[in-house]
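Engineer: Listed in order, the protein sequences are those of chains D and V. Using the numbering used here, read the first sequence as starting at 1 and increasing by one per residue. Using the numbering used here, read the second sequence as starting at 1 and increasing by one per residue.
The hints are simulated quantities; they were obtained by calculation from the structure and are not laboratory data. Everything numeric in this text was worked out from a predicted model, so none of it was measured. In this text, a Cβ means the ideal position worked out from N, Cα and C, and glycines have one as well. Hints are all accurate, no fakes.
If the Cβ cut is set under 10 Å, some of the chain V residues that face chain D in the computed set are:
1. 11
2. 23
3. 27
4. 129
5. 187
6. 188
7. 333
8. 334
Covered stretches of chain D (in silico footprint by chain V; criterion: 3 or more residues with CB under 8 Å from a CB of chain V, positions within the stretch not fixed):
9. 118–130
10. 170–178
11. 254–263
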Amino acid sequence: MGTKEDNVLTESQLMCILIGSMTGIGVLSLPGDVIKISKQDGWISVFLGAVYPIYMVFIANYIRKKYPKADILDINKKIYGRFFGSIFNLIFLLSFLLAATEVAAGINNVLRIYMVPFLNRWNILTVLFLITAYAAYGGIKTIGRINEVLFYGTFIVYIIPLFAISKGNILNLKPIFGSGALNIIKGLKETVVAYAGIEVLFIIYPFAGMDINIKKCGLKSIAFTSTIYTLFTIVTILYLGIDATSIFLWPLVTVTESIMIPVINSFRYIFSSLWVMNMFRVISINYYTFSYGLNKFIKKFDRKAWVIILFPIMIILSTLYGSPTTRRDFLNMIFLPHVIYNVMLVTITAILVAFRKGDDYAKKDENSNND
Amino acid sequence: MIMQKKMKTVIMISFILILIISFIGKRGTLVEELNISSMIGYDLKKDFVDGVNYSVSVRTHFLESKQQNHSHVLIGEGLNVGETREDRQLKSNKKLILGLEKVIIFSEEQARYGLKAPVDALVNNPEVNDNGKVAVCSGKAKDILEYETKKYNATDEVIGDMIEHSNEFNFFPEDYTVIDFIIISSSEGRNVVLPYVELTKDGIEITGVAIFNKDKMVGKLDMKDAKILNLLRESGGKGILTIQKNSTEFINYHPKAKRKVNCSKEGDRYKFVIELNLQGPIVGNELYKNFSSDSKALKEFENEMEKHIEKMCMDFINKTKGNYGVDILELGKVAAAKYGRGKDIDWNKEVLNSIIEVKAKVKVDSQGRGEY
Numbered sequence: 001m002g003t004k005e006d007n008v009l010t011e012s013q014l015m016c017i018l019i020g021s022m023t024g025i026g027v028l029s030l031p032g033d034v035i036k037i038s039k040q041d042g043w044i045s046v047f048l049g050a051v052y053p054i055y056m057v058f059i060a061n062y063i064r065k066k067y068p069k070a071d072i073l074d075i076n077k078k079i080y081g082r083f084f085g086s087i088f089n090l091i092f093l094l095s096f097l098l099a100a101t102e103v104a105a106g107i108n109n110v111l112r113i114y115m116v117p118f119l120n121r122w123n124i125l126t127v128l129f130l131i132t133a134y135a136a137y138g139g140i141k142t143i144g145r146i147n148e149v150l151f152y153g154t155f156i157v158y159i160i161p162l163f164a165i166s167k168g169n170i171l172n173l174k175p176i177f178g179s180g181a182l183n184i185i186k187g188l189k190e191t192v193v194a195y196a197g198i199e200v201l202f203i204i205y206p207f208a209g210m211d212i213n214i215k216k217c218g219l220k221s222i223a224f225t226s227t228i229y230t231l232f233t234i235v236t237i238l239y240l241g242i243d244a245t246s247i248f249l250w251p252l253v254t255v256t257e258s259i260m261i262p263v264i265n266s267f268r269y270i271f272s273s274l275w276v277m278n279m280f281r282v283i284s285i286n287y288y289t290f291s292y293g294l295n296k297f298i299k300k301f302d303r304k305a306w307v308i309i310l311f312p313i314m315i316i317l318s319t320l321y322g323s324p325t326t327r328r329d330f331l332n333m334i335f336l337p338h339v340i341y342n343v344m345l346v347t348i349t350a351i352l353v354a355f356r357k358g359d360d361y362a363k364k365d366e367n368s369n370n371d
Numbered sequence: 001m002i003m004q005k006k007m008k009t010v011i012m013i014s015f016i017l018i019l020i021i022s023f024i025g026k027r028g029t030l031v032e033e034l035n036i037s038s039m040i041g042y043d044l045k046k047d048f049v050d051g052v053n054y055s056v057s058v059r060t061h062f063l064e065s066k067q068q069n070h071s072h073v074l075i076g077e078g079l080n081v082g083e084t085r086e087d088r089q090l091k092s093n094k095k096l097i098l099g100l101e102k103v104i105i106f107s108e109e110q111a112r113y114g115l116k117a118p119v120d121a122l123v124n125n126p127e128v129n130d131n132g133k134v135a136v137c138s139g140k141a142k143d144i145l146e147y148e149t150k151k152y153n154a155t156d157e158v159i160g161d162m163i164e165h166s167n168e169f170n171f172f173p174e175d176y177t178v179i180d181f182i183i184i185s186s187s188e189g190r191n192v193v194l195p196y197v198e199l200t201k202d203g204i205e206i207t208g209v210a211i212f213n214k215d216k217m218v219g220k221l222d223m224k225d226a227k228i229l230n231l232l233r234e235s236g237g238k239g240i241l242t243i244q245k246n247s248t249e250f251i252n253y254h255p256k257a258k259r260k261v262n263c264s265k266e267g268d269r270y271k272f273v274i275e276l277n278l279q280g281p282i283v284g285n286e287l288y289k290n291f292s293s294d295s296k297a298l299k300e301f302e303n304e305m306e307k308h309i310e311k312m313c314m315d316f317i318n319k320t321k322g323n324y325g326v327d328i329l330e331l332g333k334v335a336a337a338k339y340g341r342g343k344d345i346d347w348n349k350e351v352l353n354s355i356i357e358v359k360a361k362v363k364v365d366s367q368g369r370g371e372y
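Construct the entire structure; sequences and hints are all you get.
Structural biologist: Here it is as structure tokens:
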């Protein structure tokens, strides 16, 4: 690409992107998934799940120190060679495609149950991807601004479920640690995937200026996300209890229905529509990242062309997930291996980076940019 | 440059086209073309040897009617809950829409047979109003739905309002909604209690409570016992407690009751101590002399009231202990929270074997403006 897109993200934009990328549609069902395994201690599992993003942030910070201007895709190509590097990169990039399409499919399922049963899935998905593709087309600067605006604009969405705390029963949380340490650890398998999305940091850190401390930024966004996740899980346990949570496919939506305010028939419409706006952030981030990565993979089309090419592909892939249960089964099967792959890839890359001479590569990078 | 401009036009046109195509077609319906439900009733007929016949009635508003609150009842019958919808549509002129129903009524026969199938249908349907009230009725739910209350502005909402405001007296709790039923009936160590309404010659009345074991009704308590049950079981209810010597000597007390349960283990039996904290004003006093000037009389009343409540509650517990085979006081919930969940313990059995004590603490916070 001719245009240079560095130093474009401010600190708060980077933070909002990371928060937006992590809080996906999964949080609506997260309490249900984790309570099945770690019972009333599910919230501890949710909180501990933050180890994964924290680890990723530290690795990203380390790699960035060595190569501030190159993202992981470039580094992988240099380290593993053109062929293997590209394959590793492609698998790494697939997680963004997966995230964009599964969130879209999830929104589609939730909306058609709770809000707009009269629309068909093609209508919802086309419009959904039209908006997000437009954002992705605009580039990282647009994405950063949208995230910032939507984060503050829809901040109330993080607070709405917490109102249900007044209807909760503290006995539902007891006995604390009653399900056993083993079950709490087992629950991590469900909760770690809820933090998936932090991988985007490895691709967007070159866009942040050198004066921005991405470690601080990343940890702040993780602290926010894990607090929200933990509070949502606690509220769900307090209100529904561990037995009734398993009845509902999206327990968190049921929690928001309990809030009674005169005139407003049901709070779930307000919550769902604001949450969908948040989902635009997730999809646009992943859409952008995937098209950006593909451009590095196949240089023939530029990033904007990839956004347009991906539009129909994204829609068609999103329809393939099917009903909520088949979608969840598929994601359970694919998400955890992918998370493990991502962890292994960045760890090995970081180790290899440590053994290589950073200056050497930086020079080469400059040369190649000048071509 | 020209290429880029051309590209932009193409993108713009396809953008608009996609939007237009997405919104072609019929969407939604007019309010005039809908039957809006205000009340649902579930009846059950045991028609043949091993089968049942569901009959689900829905009371709907007539929107184009000149009369205020004009409504009528649509009845659907079938061998299961789903088929009743098909049958109901055959008798109905419009599309039925749920979401505004204020109350859902189960007939006693349906409740004793089990509410699993109807409640499953309610959970499945996202349109259902989770905050609608639930009640059990004697006889047929259909009769209650068809009953026209005279001189009452909103005929449909009589029962819903009745249940909603029952918490002013008799220590009724606020939570008799659909979602509460779902939560309580599926939670460990908890059992549902629902208000029991009857169509008497004076109109519709709450005459007691229905006791459930999971989703099946197992018994009914009359209002006198129901009040004590509410006092022991719920926290935050209000009601009138009376010490009456004879028709001229009595004292009424209108407290708000807070319940706290302590659970311990003695050997392999559980021991529960129910602590009741009551606080409220005196409604009327015809028993004590110099009540507003003598603080000793107040103290005496508090002591006597505590003894009265403890005796009343213990009598109730001893009387009902073996009757239904159910832990009606929800003590299993407290024990489960202390000694661990999910261990396949039958809390109904454990609680019935346990020692239960009641401790009351009475406090008068106001004596009104004076004494006559």
